[in-house]
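Trainee: Following the hints, position chain B against chain A.
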Amino acid sequence: MEGIQERVPATKEWVPKLRHAVLGFLSAHHPNATQVAGDVGLAVTEATSNVVRHAYPGRDRGEIRLDVHLHGDLLVVAVSDDGVGFAHAADDPGGGFGLRLIRELAHTQIRSEAGRTRVEMRFPIPQSAVARDA
Amino acid sequence: MSVGEVIVERVQGVWVFTLRGEHDISIEPTFQRRLEQAFDAGSTVIVDLSEVEFMDSSVLRTLAYGAEQAARHPQHDIGIVAPPDSHARRLLAITGIDKHISISNTRADALAAPSPD
Chain A
1 MEGIQERVPA
11 TKEWVPKLRH
21 AVLGFLSAHH
31 PNATQVAGDV
41 GLAVTEATSN
51 VVRHAYPGRD
61 RGEIRLDVHL
71 HGDLLVVAVS
81 DDGVGFAHAA
91 DDPGGGFGLR
101 LIRELAHTQI
111 RSEAGRTRVE
121 MRFPIPQSAV
131 ARDA
Chain B
1 MSVGEVIVER
11 VQGVWVFTLR
21 GEHDISIEPT
31 FQRRLEQAFD
41 AGSTVIVDLS
51 EVEFMDSSVL
61 RTLAYGAEQA
71 ARHPQHDIGI
81 VAPPDSHARR
91 LLAITGIDKH
101 ISISNTRADA
111 LAAPSPD
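Protein chains in written order, with our numbering: chain A, 1 to 134; chain B, 1 to 117.
No lab work stands behind these hints, which were simulated from the structure alone.
Note that this is a predicted model, so its numbers are computed, not measured.
Just so you know, even glycine gets a beta-carbon here, dropped at the ideal spot from N, CA and C.
Hints are not guaranteed to be accurate.
In silico contact screen, one side only, chain B against chain A (beta carbon under 10 Å); selected entries [claimed, not checked]: (1) Val3; (2) Val6; (3) Ser57; (4) Arg61; (5) Arg90.
Far from chain B, some chain A residues (derived; all Cβ distances over 12 Å) [claimed, not checked]: (6) Ala28; (7) Asn32; (8) Gly62; (9) Arg65; (10) His71; (11) Leu74; (12) Val130.
Chain A on its own, in the form it takes in the complex (with noise of 0.2 Å):
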């Protein structure tokens, strides 16, 4: 299945260069899904960010995991990592916005445990803006 994976260092310089990357990708399937392209960007980021934020803590830096593919009309965001998982990190400086976001954002299933961590997101590509098959 074509798509995207992506293995790099949990690194904030990382961040944006990913967010491009998936961005690239839904518009070479679809370009005229401008719209969720917002709402993509901005969950892919704040999943990442939350990597290098609170996955490892007090220890050399580890991996942020980048799985994309599309299902169907469904663009499906996988981001992972293998640090403490949510029960053990330090809480959100910023009062938790980057959560609320992501779940305000994407159908959001999060799976999180003391080594491993997954956040999948799925977008719905509006019918106006899927590209069919000439």
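Mentor: Okay, now just chain B, sitting in the frame of chain A:
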């Protein structure tokens, strides 16, 4: 990809922060540091989001910090410029920040708004 920048100007006795480009964790904590410096002087700040290309919760956190400082210290005040149908306005509504900071449609409206006593 255009890296985010914060343009700071003094306009009619008010500090105006204009955010341009893309603002996320990669350029933190530029915006918050500049805001703290303005508040150290005891001042009114307007944050203009009308030209921002992208912003995430790092900006929202700083705005929430500004609102908190303004609520605690009467010599501080903060307002936001965000056009009605903009991405920024939508984020302010989702997070509830729009209930704690005045939001104007244009910079002119923000500058014309009354200052605290």
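Trainee: Looking at the structure, which of the earlier hints fail to hold?
Mentor: 2
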